[in-house]
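Turn these sequences into a full structure, and let the hints steer you where they fit.
Chains as they are written, first to last, in the numbering used here: chain A, 1 to 109; chain B, 1 to 819.
Check each hint, because a few of them may be wrong.
Said to hold, decoys possible - Computed list of lysine-lysine pairs in DSSO-like fashion (alpha-carbon distance at most 27 angstroms, straight line):
no.	chain 1	residue 1	chain 2	residue 2
1	A	Lys-48	B	Lys-438
2	B	Lys-678	B	Lys-668
3	B	Lys-310	B	Lys-343
4	B	Lys-720	A	Lys-48
5	B	Lys-614	A	Lys-48
6	A	Lys-48	B	Lys-565
Stated by the list, open to error - Per the computed footprint, the stretches of chain A lying under chain B, defined by three or more beta-carbons under 8 angstroms from a beta-carbon of chain B, are:
no.	segment
7	24-38
8	75-85
What the hints assert, rightly or not - To be clear about the criterion: a stretch of chain A counts as covered by chain B if any three or more of its residues have a C-beta under 8 angstroms from a C-beta of chain B, and this derived list gives those stretches:
no.	segment
9	5-14
10	41-52
Bear in mind the hints are in silico, worked out from the structure with no lab data behind them.
For each residue, glycine too, the CB sits at the ideal point set by N, CA and C.
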Amino acid sequence: MTSWIEIGALDDIPRLGSRVVRTPGGNIAVFRTESDEVFALDDRCPHKGGPLSQGIVHNKRVTCPLHNFVIELASGQAVAPDEGCTHTHPAKVENGVVWLSVRQAAAVS
Amino acid sequence: MLDKVTKQKLVVIGNGMAGIRTVEALLERAPDLYDITVFGSEPYGNYNRILLSPVLAGEKTVDDIMLNTVDWYEDNNITLRKGETISMIDRRTCEVVTEAGERVPYDRLLIATGSNPIMLPLPGKDLPGVIGFRDIYDVDRMIKASTDYRNAVVIGGGLLGLEAANGLMKRGMNVTVVHLLDTLMERQLDPVAGGLLRKSLEERGMVFKMPAQTQAILGEDRVTGVRFGDGTELAADLVVMAVGIRPNFELAKKAGLYCERGIVVSDTMQTYDGRIYAVGECVQHRRQTYGLVAPLFDQAKVCANHLAMKGFATYDGSVTSTKLKVTGIDLFSAGDFAPGPDKEEIVLQDANRGVYKRIILKDKKIVGAVLYGDTIDGPWYFQHLRDGTDVSHMRERLVFGAANLGDGGVNGQNSVAAMSDETEICGCNGVCKGAIVKAISEKKLFTLDDVRAHTKASSSCGSCTGLVEQVLAFTLGGDYSAAPKVKPLCKCTDHSHDDVRRVIVEQQLKTIPAVMRFMEWKTLNGCHSCRPALNYYLLATWPGEYRDDQQSRFINERVHANIQKDGTYSVVPRMWGGVTTPSELRAIADVAEKFNIPTVKVTGGQRIDLLGVKKEDLPAVWADLNDAGMVSGHAYAKGLRTVKTCVGSEWCRFGTQDSTGLGVKLEKFMWGSWTPAKVKLGVSGCPRNCAEATCKDVGVVCVDSGYEIHFAGAAGLHIKGTEFLTKVETEDETLEVIVALTQLYREEGWYLERMYKWCDRVGLEQIRKRVVDDIANRKALFARFAHSQQFAQTDPWAERASRGVDRNEFAPLAELELA
Ligand SMILES: Cc1cc2nc3c(=O)[nH]c(=O)nc-3n(C[C@H](O)[C@H](O)[C@H](O)COP(=O)(O)OP(=O)(O)OC[C@H]3O[C@@H](n4cnc5c(N)ncnc54)[C@H](O)[C@@H]3O)c2cc1C
Ligand code: SF4
Ligand code: SF4
Ligand code: FES
Numbered sequence: 001m002t003s004w005i006e007i008g009a010l011d012d013i014p015r016l017g018s019r020v021v022r023t024p025g026g027n028i029a030v031f032r033t034e035s036d037e038v039f040a041l042d043d044r045c046p047h048k049g050g051p052l053s054q055g056i057v058h059n060k061r062v063t064c065p066l067h068n069f070v071i072e073l074a075s076g077q078a079v080a081p082d083e084g085c086t087h088t089h090p091a092k093v094e095n096g097v098v099w100l101s102v103r104q105a106a107a108v109s
Numbered sequence: 001m002l003d004k005v006t007k008q009k010l011v012v013i014g015n016g017m018a019g020i021r022t023v024e025a026l027l028e029r030a031p032d033l034y035d036i037t038v039f040g041s042e043p044y045g046n047y048n049r050i051l052l053s054p055v056l057a058g059e060k061t062v063d064d065i066m067l068n069t070v071d072w073y074e075d076n077n078i079t080l081r082k083g084e085t086i087s088m089i090d091r092r093t094c095e096v097v098t099e100a101g102e103r104v105p106y107d108r109l110l111i112a113t114g115s116n117p118i119m120l121p122l123p124g125k126d127l128p129g130v131i132g133f134r135d136i137y138d139v140d141r142m143i144k145a146s147t148d149y150r151n152a153v154v155i156g157g158g159l160l161g162l163e164a165a166n167g168l169m170k171r172g173m174n175v176t177v178v179h180l181l182d183t184l185m186e187r188q189l190d191p192v193a194g195g196l197l198r199k200s201l202e203e204r205g206m207v208f209k210m211p212a213q214t215q216a217i218l219g220e221d222r223v224t225g226v227r228f229g230d231g232t233e234l235a236a237d238l239v240v241m242a243v244g245i246r247p248n249f250e251l252a253k254k255a256g257l258y259c260e261r262g263i264v265v266s267d268t269m270q271t272y273d274g275r276i277y278a279v280g281e282c283v284q285h286r287r288q289t290y291g292l293v294a295p296l297f298d299q300a301k302v303c304a305n306h307l308a309m310k311g312f313a314t315y316d317g318s319v320t321s322t323k324l325k326v327t328g329i330d331l332f333s334a335g336d337f338a339p340g341p342d343k344e345e346i347v348l349q350d351a352n353r354g355v356y357k358r359i360i361l362k363d364k365k366i367v368g369a370v371l372y373g374d375t376i377d378g379p380w381y382f383q384h385l386r387d388g389t390d391v392s393h394m395r396e397r398l399v400f401g402a403a404n405l406g407d408g409g410v411n412g413q414n415s416v417a418a419m420s421d422e423t424e425i426c427g428c429n430g431v432c433k434g435a436i437v438k439a440i441s442e443k444k445l446f447t448l449d450d451v452r453a454h455t456k457a458s459s460s461c462g463s464c465t466g467l468v469e470q471v472l473a474f475t476l477g478g479d480y481s482a483a484p485k486v487k488p489l490c491k492c493t494d495h496s497h498d499d500v501r502r503v504i505v506e507q508q509l510k511t512i513p514a515v516m517r518f519m520e521w522k523t524l525n526g527c528h529s530c531r532p533a534l535n536y537y538l539l540a541t542w543p544g545e546y547r548d549d550q551q552s553r554f555i556n557e558r559v560h561a562n563i564q565k566d567g568t569y570s571v572v573p574r575m576w577g578g579v580t581t582p583s584e585l586r587a588i589a590d591v592a593e594k595f596n597i598p599t600v601k602v603t604g605g606q607r608i609d610l611l612g613v614k615k616e617d618l619p620a621v622w623a624d625l626n627d628a629g630m631v632s633g634h635a636y637a638k639g640l641r642t643v644k645t646c647v648g649s650e651w652c653r654f655g656t657q658d659s660t661g662l663g664v665k666l667e668k669f670m671w672g673s674w675t676p677a678k679v680k681l682g683v684s685g686c687p688r689n690c691a692e693a694t695c696k697d698v699g700v701v702c703v704d705s706g707y708e709i710h711f712a713g714a715a716g717l718h719i720k721g722t723e724f725l726t727k728v729e730t731e732d733e734t735l736e737v738i739v740a741l742t743q744l745y746r747e748e749g750w751y752l753e754r755m756y757k758w759c760d761r762v763g764l765e766q767i768r769k770r771v772v773d774d775i776a777n778r779k780a781l782f783a784r785f786a787h788s789q790q791f792a793q794t795d796p797w798a799e800r801a802s803r804g805v806d807r808n809e810f811a812p813l814a815e816l817e818l819a
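What follows is the structure, given as structure tokens:
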């Protein structure tokens, strides 16, 4: 059962940008692409834990601000040649409102 | 030889441009299929009719314009029967009949009889001295008349008439152009462009009588004058009729082939008799007749395809464009430019440069273009017109074109570089840039003639010669050795930093998406390498106009602090010239305590770093620092960082000048500026150099007699002493030189290229010339820097701390307390 939580307005996230959602299990970065899709990932780079929310978003990827790992927003996978994976969380937009479903197991890690 | 007997017979009537182009195309596809016989009324091989105008004007000779000499026919086993006219086609027996009565059989017949000039049915039209403008014979007669007589009247102010008039004028005649309407070339030009054209022709000495209707041609044994509808008369020894052409289809019509305004052909260029094909000006295709070579050449290809029995090509009609071949006048027209309620127009008129451009849009697409004075973008517009490109995204800069040169070769080359491979360079022969480039590199071509021979580009009307030469120059590079491949900006594009910077300026590109679209980026939104680069280039190019794109900034520049390994930030307030005060220090101490900032450290750039600040605390930290009068030190910026100074003459016993004061002055003038990479300055009060000025991006070493300016040093990953740039006498000059130097770097440096690397790349002398020697240039650079500082010198901390800029950046979107 996915339980959706309303986390804010789409307009509060910049296009090609990201905002952070605080959770007891750590920060989740919510990204908005140019075409207004949203994706949610743990705000931790698989490399050395860099805050992905602070990276540059391009197409459906984000580049970690610390050492330029490029992470796929949809899967959380690092783009080759880099390796690693960040946990993703389901996210969606409905009528301009962003909803998040926190995958507990992933968040509490 | 048996082969020879069994080969089919192809007979061609008309040894002109369309007919022979078809034969050439046929030979390429099926060299041995036919026995070919060509009949031509004119006593020559095939020549380039278009270039009769330059022949008339004395710019070319008849030999120059020969396309296929008699030898060519022999070499290709074609029987050329020049000077022989076909007077009848016998479809029943499949034979053509010559004027002399000889019958020649065919299996396939190609009619390419072109058209004839319309001779107005006026009294006196048959007098000697009244001629059309169609072939070498006409041109010979005109040239002869120009040596024997003085006054010429050209009837018709269209393309042909004006080229005739221009040629006759060049040959010394007094020429009056009579035109029925009040706009010249009204089929190609709108009234504004027509007016510009008229003005510049008048400046060359051409006289116009328009609107005017010719009523009669006067004279007894030879033309002596012309009378008009209003009763006035004009003396004339030569009258050229250039009012239009009429497709030459009498022969076909007599043979019972269906004709309307021309010989009616299908999409496969066949007449109503399946064995008989027709191409060129004599045909009518989908209700349309053509009087320009480009469509005829399209037809030729299709026709050859069918004659070669490859049977798949179809001709769908052509959109045409026109250029006037009068040396020194640049004029281009294409498509439909009549105004209409559903059309939009973009007009650029620059009276000083004599430039007029009108682009007509309909449903977001270009449907017409009229260019006068600067036609280099003609092919570009024409390509979008034919492709039906949606141009709405580039609407605002459309009128500047793809290749906005007009001012000389160097730029020209560059804009050719920016053209896509599909851009048509030679409209007559439909040759694209890509094909030319390919031929040049694969076939190792070096000259214009080589290119002409191999690609046919520039071999018809010659209007594109300049462009072809630029493609040649651009492809071969400055010298003819293999030019090294330029390094692309990043993997999202093949263009180099230089290309991108140049195109941004030339095309007036003002947003990142605009650059990406125009330069055909390979990725949707670029990547972390190119976006910050583009953002910088746009910012540096369009100060005050470009809106900084926060999402294309590296995090440090987006949040105006330096990210640390744990995701916290460091904060470095500016300390002008490394000088601080007790109250500033007190404020820093208070902030550190108030926000539990774990580390306070002195930096190498003579200021204080507060490390470990949480992102959400940043605005409050800044607010407190702002209250104490401090602003951002831009310790995170690809921009001006620190100006390190020594205490200089104010305190030091060796000091020669006020190095601290000068450092502060430099920093106050230059802070806030964005540069390709970080810029650090140093000012030492004497050659002992306590401020380590000679390993900075820019360093000043004070001496008794003035200031030595050094630059291009580095003390990071690489250690490099500075280069000596120049020595000046005053502080003001020092400031001027350093600012100009920095501006040049801002304008030319590649993103992330430190000053020393830039210097390596472009050369010390080059830089010195422009910053030191050329004083006017120095002042211009200084002025540009000063201009851009107006928009750059706002403290980003204050904006965010108290003016709410980018508030979202620093607060979480939501805080969840999960069950
Ligand atoms: C001065 C001038 C300038 C021009 N400038 C341009 C320009 O800038 N751009 C452009 O695109 N176009 C231009 N044109 C038009 C272009 O030249 C023509 O569109 C093109 O030549 C037409 O080719 P064609 O083969 O149909 O006819 P032509 O080239 O006229 O060839 C027809 C040939 O058939 C011969 N012929 C006719 N009847 C018979 C017969 N019964 N038996 C044997 N032979 C016969 C004719 O003598 C002629 O040689 C210009 C034309 C002229 C005259
Ligand atoms: S550089 Fe010269 S003037 Fe400056 S502190 Fe050192 S010794 Fe003194
Ligand atoms: S020298 Fe290396 S470790 Fe030290 S601050 Fe600079 S980048 Fe970091
Ligand atoms: S922590 Fe993300 S790349 Fe190193």
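Going through the earlier hints one by one, which of them does the structure break, listed in rising order?
Violated: hints 1, 3, 4, 8.
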